[in-house]
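S.K.: Here is how the chains run, residue by residue.
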Amino acid sequence: MIAFTIDEITPCLKNTETGELVQTEVVELKRKSFLSRFNSRNGWYINWGKFASNIRIFALVLEGTMDIQGMIAVSPNSDAKALHIDWACTAPQNNKWQYGVQKYSGVGGHLIAVASELSVMYGYEGYVFGEAMDEAVLKHYMEHFGAERLPAVLHPYAMVIRGEKTKKLREVYDYVWTDETI
Amino acid sequence: MFGQTKPYNPHQEAVEKFVQENNVYGPKEPIRFNLRAYLQYVDEHHITNPDDIPEEIIAQFRTGEEKLA
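Protein chains in written order, with this note's numbering: chain A, 1 to 182; chain B, 1 to 69.
The set of hints was computed from the structure by calculation and includes no laboratory data.
Keep in mind it's a predicted model, so treat the numbers as computed, not measured.
There could be a bad hint or two in this list.
Stated by the list, open to error - The calculated lysine to aspartate or glutamate pairs, modelled on EDC-like cross-linking and capped at a C-alpha distance of 16 Å, are:
# : chain 1 : residue 1 : chain 2 : residue 2
1 : A       : 167       : A       : 125
2 : A       : 168       : A       : 117
3 : A       : 81        : A       : 7
4 : B       : 17        : A       : 134
5 : A       : 81        : A       : 117
6 : A       : 139       : A       : 7
7 : B       : 17        : A       : 135
8 : A       : 165       : A       : 125
9 : A       : 50        : B       : 56
Isolated chain A, as found in the complex (with noise of 0.2 Å):
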């Protein structure tokens, strides 16, 4: 589930609060007890350290550190030839739906530029598809990004971003990649 929309489009993250702009890393996390941390009781949503092995995490965090501003959990589809996004969402201390705060921006439209990237590096041209949170969270991708609503039968909110999309996200944000697994 897509559990936010895109509010900036910022090659880093911006500091609400300083205006300062942040450099970023890409880590893929996989670790079962360290991704437990993570969960409903924290913010989380749900428990991060339950999805099933098929499915990879990856997290956004400030450049050298450990400091995780948003996940994303994605998984291949070779019958859809797009990677499907299982869950995303921002860190608390962003989530200012839920809690009235935002530290960073930039969160949201990060996660969906790795996703569209890994979907590249699957061979799937950038193609992209999930479920968003509701139908606002569906209509603010359709008319911001592209996003074509997908019929009900796999989901109510399904929605898909082709690769020709998605290409702008993954030029204008910029972050890295790095090689470390925890």
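Here the structure of chain A is known, so what remains is to put chain B in place on it, guided by the hints.
M.R.: For chain B alone, kept in the frame of chain A given last:
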């Protein structure tokens, strides 16, 4: 405690509803759908709303065992 209620939070409610209705954690069965063929069909027929597509056409894009069901 009597009389205490959770504050209304449509965001959290939507998340909880999604978790209840979907197999969030798995074991994860991939969605069996030929997305690319579907998109090609949508383009060729200038379709903007998937609700306009007949169910039997949608069924053609299902793949795997789901298509046989």
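S.K.: Taking the hints in turn, state whether each one holds.
M.R.: Each hint tested on the structure:
1. Restraint check for residue 167/A and residue 125/A: satisfied, since their Cα atoms lie roughly 9 Å apart, inside the 16 Å limit.
2. Between residue 168/A and residue 117/A the alpha-carbon distance is near 11 Å, which keeps this suggested pair within the 16 Å criterion.
3. At roughly 28 Å between alpha-carbon atoms, residue 81/A and residue 7/A are farther apart than 16 Å, so this suggested pair is violated.
4. Note on residue 17/B and residue 134/A: the hinted pairing holds, with a Cα-Cα distance of about 10 Å set against a maximum of 16 Å.
5. Distance restraint check for residue 81/A and residue 117/A: the Cα-Cα separation of roughly 14 Å lies within the 16 Å cut-off, and the hinted pair is therefore satisfied.
6. Simply put, residue 139/A and residue 7/A have alpha-carbon atoms about 14 Å apart, close enough for the 16 Å limit, and the pair holds.
7. A C-alpha spacing of about 14 Å is found between residue 17/B and residue 135/A, which places the hinted pair at or below 16 Å, so the restraint holds.
8. For the hint pairing residue 165/A with residue 125/A, the CA-to-CA distance comes to about 11 Å; that is within 16 Å, so the pair holds.
9. For the proposed pair residue 50/A and residue 56/B, the alpha carbon gap of about 36 Å is over 16 Å, so the pair is violated.
When held up to the earlier numbered hints, the structure conflicts with 3, 9 and fits the remainder.
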